[in-house]
Amino acid sequence: MGRTFSVRLALVVNLVLCCSAVAAEDGQQQFDQLYGQEYRAVSATADRTDDAELARKLLAAAGQPGIRGELMAVLCDRAHLLGTRGEAGYDIAIEAMKLLSEKAPAKKVECDDRILRILTRRYGAARGDARVLAANEIMRHYDVLADEAAEAGEYAAAAHLAKAFDLAGRTRSEMRDGLGAKRKRMIEMGRIERELAGLEKRLTAKHAKQKIVSDGLKIVVNGSFGKLGSKYSALYAPNLMMQVTVTGQLSLLMLIERL
1 MGRTFSVRLA LVVNLVLCCS AVAAEDGQQQ FDQLYGQEYR AVSATADRTD DAELARKLLA
61 AAGQPGIRGE LMAVLCDRAH LLGTRGEAGY DIAIEAMKLL SEKAPAKKVE CDDRILRILT
121 RRYGAARGDA RVLAANEIMR HYDVLADEAA EAGEYAAAAH LAKAFDLAGR TRSEMRDGLG
181 AKRKRMIEMG RIERELAGLE KRLTAKHAKQ KIVSDGLKIV VNGSFGKLGS KYSALYAPNL
241 MMQVTVTGQL SLLMLIERL
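Residue numbers (the working numbering): 1 to 259.
For the record, the hints were derived by calculation from the structure and aren't laboratory data.
Remember, it's a predicted structure, so these values are computed and weren't measured experimentally.
Only true hints are included.
In silico lysine-lysine, DSSO-like type, Cα no more than 30 angstroms apart, as pairs:
#	residue 1	residue 2
1	Lys201	Lys218
2	Lys227	Lys211
3	Lys227	Lys163
What follows is a list of derived Cβ distance ranges for each label pair:
#	residue 1	residue 2	range
4	Gln29	Met189	46 to 56 angstroms
5	Met254	Ala208	21 to 31 angstroms
6	Arg170	Leu240	37 to 47 angstroms
7	Lys98	Met189	21 to 31 angstroms
For every residue, glycine included, the Cβ atom is placed at its ideal position computed from N, Cα and C.
Based on the provided sequences and hints, a complete structural model is requested.
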């Protein structure tokens, strides 16, 4: 029975991979039929102006309602390749990756990485005020990635902001203070989430009478209460700390009276 299931699973996996390969091949074939000759002609020239023009054309085609699937992905990929060949096409290449990320969420990480490479290349080539503006673009990109990571509950959010904060410091950007404050909040939120997860785990262990696990997580549970009295913590709230203390003591007295 187990062997039969494994064989069937392997067949299904191979079928999915074959279908994906066929779909990708179909998308490439459709692109070759529609734009192959023009793409090869433009790629063969040393002029970067026609690269940007064709990239804009491919991006517009990829955004049409009837274009989707592998053809859309190939159009965005070729628009990106042409756009990255010169400064004039950078914005087009970035828009192509944004569109691909939106239409094919599975490619989002790859698209974000490509966008960052373009922004970094622009920053490296820029000088003077243009360099500051290019740095701000990179910082905004990291800021967006941080918000998305935070929304997904990922701890990478603070890491993205750390990179943006470092760049802001090196370029003396006005965004530095805001990024620093936001980074601090995200770090604190990450700690709070970990503490809440520890609380849930401790309660589960306590009910299951797993004393070693329960006692080991006790400091995690008490950590949030201690932060209420620390002026260096985002949880700092001395009035709330007093309220928790008094409420706990009164609860114990009421329990003693009933017993």
